[in-house]
Amino acid sequence: MQPSPMDTTALNVVALVSIGAHPTSGRPRRAEQDARAVELGLRLAGEAMQVVHAGDARQEALRGYLGMGIKQLHVLEQPAQADVLHALSDYLLDSDAQLILTGSQAETGEGSGMLPYLLAEQLGWPIVVGLAEVERIDHGIAHVLQALPRGQRRRLQVQMPFIASVDNAAPLARQSAFGPARRGELTVTAANVCPDQLFKEGQLQPARPRPKRLKVIKAKTGAERMKAATAKASGGGGQVLKDCSPTEGAEAIFKLLMDEGVLR
Amino acid sequence: MSDIIRRDPRAEWIARNRLHPLHSSMQSSVTRWLSAAGVTRKNPHAVGFIGPNGIKRIDRSGAQQSSGSKRSSPTAEKQLPLHIVEQPAFHICVVPDMVGGRLSSHDKDLLGLAHKLAGTEGAVVAVVFAEHKENGFDTAGVDRILHFTDAVFDGYSPEQRVQALVRVENQLEPRHWLLPDSRNGGGELGRRLAASLSERPATRVWQVADEQSIGRAGAGQQDLHRPAPRLILASAECAEPISETRHQAQPMQLQDAINPSRSRIKDLGAVAVDPALIPMAEAEFILSGGNGVSDWSLFHQAAETLGATEGASRVAVDDGFMPRNRQVGATGTWVTARVYLAVGISGAIQHLQGIGACDKVIAVNMDANCDMVKRADLSVIGDSAAILQALIARIDAHRQGGIRDAA
Ligand SMILES: Cc1cc2nc3c(=O)[nH]c(=O)nc-3n(C[C@H](O)[C@H](O)[C@H](O)COP(=O)(O)OP(=O)(O)OC[C@H]3O[C@@H](n4cnc5c(N)ncnc54)[C@H](O)[C@@H]3O)c2cc1C
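From first to last, the protein sequence lines stand for chains E and S.
Residues in the first sequence are numbered from 1 upward in steps of one, following UniProt numbering.
Residues in the second sequence are numbered from 1 upward in steps of one, following UniProt numbering.
There may be inaccurate statements among the hints.
Okay, derived cross-link-like pairs now, EDC-like style, lysine to aspartate or glutamate, Cα gap no bigger than 16 Å in a straight line [to be verified]:
id, chain 1, residue 1, chain 2, residue 2
1, S, 360, S, 377
2, S, 360, E, 260
3, E, 71, E, 39
4, E, 212, S, 240
5, E, 227, S, 59
6, E, 215, S, 240
No lab work stands behind these hints, which were simulated from the structure alone.
Just need the whole structure built from these sequences, with the hints factored in.
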């Protein structure tokens, strides 16, 4: 579906980006979902969109976002393991953003996915989770499509300004080009630093493989165990309609489909 | 059924008379009994049955039931012991996803985890929104159930639901909140609740033991170990589901009614998506055709009317009626559909493997004895073309009726 033509270039869109990690090598890169958020912002507001990162400005991976065709990336200087929430909310309160885009969870650190929710709580804005597309915006009301599991979409109406997090259903991010990435500008501002309480009590460790769930067979006798080991897909229990006319059969199927709510 | 032993003198007479044509069928199939001397006797000739090609087969899996003349009542379902919590010392609140109105396996794992945290003193409270179709709350491990049926909770209403949960928090002060960290709403609701309660949740938790929780962090390369917080968003298989006890599932009420304020997000309903574009592994509703489908254009038309994603058995693919990427099964795609409608598919093991994760299976087949019918929740025996046509007509009639109602 093509979005109806609309003038969203005047829209003030801010995308919050973080540093990602390559899934196998673990090397820093632009984060996948954050890049999708930037892509969505670029489609909505063009080059006028703002991109903000709270963290270390010397991180080379930040240039990955600049390579998408953004002139400038704003960095709020924060040390590692600081709680960036306060720096970001201070910054956003002062900006006149109407739409804030974030990924749904960071690729490094805790990655709890709480940041957009906490920002929404602090700013008092509504939050849309899993934004897939902004259809139109009129009179401060946005019509957006939300991505649901199993490839489904839901249409929502939200009051501006709002926060939206994107996941892998949002449009794929464009490639990052080397030239623009070099030419782009990183502007650094100092911001309040607030240490993260979490790392006082918790620690990060390399992920342990999760135990596979075993098929527990609660059989009391050998015969039962044998049966459980050799039995085919559990038979019986199903309703079988024999010798009925096609209409009756269709009616029964129709009823089950309605009960399950898969017919629209 | 009463346990009075009824004798059938005629059957007994036939059983004694070896020349009677019905003699063999009337043989008592008692294969083992206790003799008067207290010794166990066995009749080796009575075991087994005659297979389809006349050879005697012995099935030791226990599936074969002796077809004795004494009709036994279907064994009454064993009652699991009831777990009773009279005066709960504390509460553990679980907010299940209820995908399709039923407890998902993720929800059941979560209830299992809740019981691990509740021990014998605490009560597990399930907070359920809107209508549901679940009737197994007791065996899934729900001690108390808080059901919000107000119309405001229908559809997508996360802001109102969080307000209701905050009320629950104020009244019950649960020791833990447990939500599934899923894309079906639990992950979102849990984070919204965390933000409004100012609790720092543990997310993607896969183990809680000894007051410590372990959850995945970042992109899954690391684990975060921390003392278990009040709010836990747990991933699937975080604990074993309840299987050995029954629970009270007692309805509970909040003291004061809730009147959630107006939401800033309005649900305008689901958007029609082209089912053909949904990856088959993710599709919710699949119409799958096999060797028993004769009219493929009718099949495609049915898929369109039903709004179902198309699938196929290997034979249908090999014969060139469907593309290879539509094959369901061991060498095709393993699907996770909630409803799987199999038309003219015999249910070979390679195919059944692929639909192991499906919830409801409907079979349309000529053969009432095929394996697909054994797997299915509903089977209609008959010609696929006739049934598909009737189904299309039925749905068209329903849609037209709907349009008339709306007008
Ligand atoms: C290594 C290996 C891997 C395989 N992998 C797969 C796999 O991934 N996926 C897969 O599907 N198969 C796989 N197979 C093939 C599998 O074993 C079966 O051959 C295949 O699934 C059978 O397909 P079918 O049920 O469509 O056809 P059939 O077995 O021919 O069944 C047709 C069914 O349609 C019914 N029927 C006939 N006419 C009508 C009618 N008019 N109306 C209604 N019903 C009718 C019949 O009663 C029958 O039950 C694999 C096989 C091997 C050896």
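Comparing the hints with the structure gives:
Using a Cα cut-off of 16 Å, the hinted pair residue 360 of chain S and residue 377 of chain S holds, with the two alpha carbons roughly 6 Å apart. In summary, the hint linking residue 360 of chain S to residue 260 of chain E is supported, as the alpha carbons are separated by about 9 Å, within the 16 Å threshold. Proposed proximity of residue 71 of chain E and residue 39 of chain E is supported: the alpha carbons are some 14 Å apart, at most 16 Å. Our distance criterion of 16 Å between C-alpha atoms is met by residue 212 of chain E and residue 240 of chain S, whose separation comes to about 12 Å.
This hinted pair checks out: residue 227 of chain E and residue 59 of chain S have alpha carbons roughly 10 Å apart, not beyond 16 Å. With a C-alpha separation of about 11 Å, the suggested pair residue 215 of chain E and residue 240 of chain S falls inside the 16 Å cut-off, and the hint holds.
Checked against the numbered hints given earlier, the structure satisfies every one of them.
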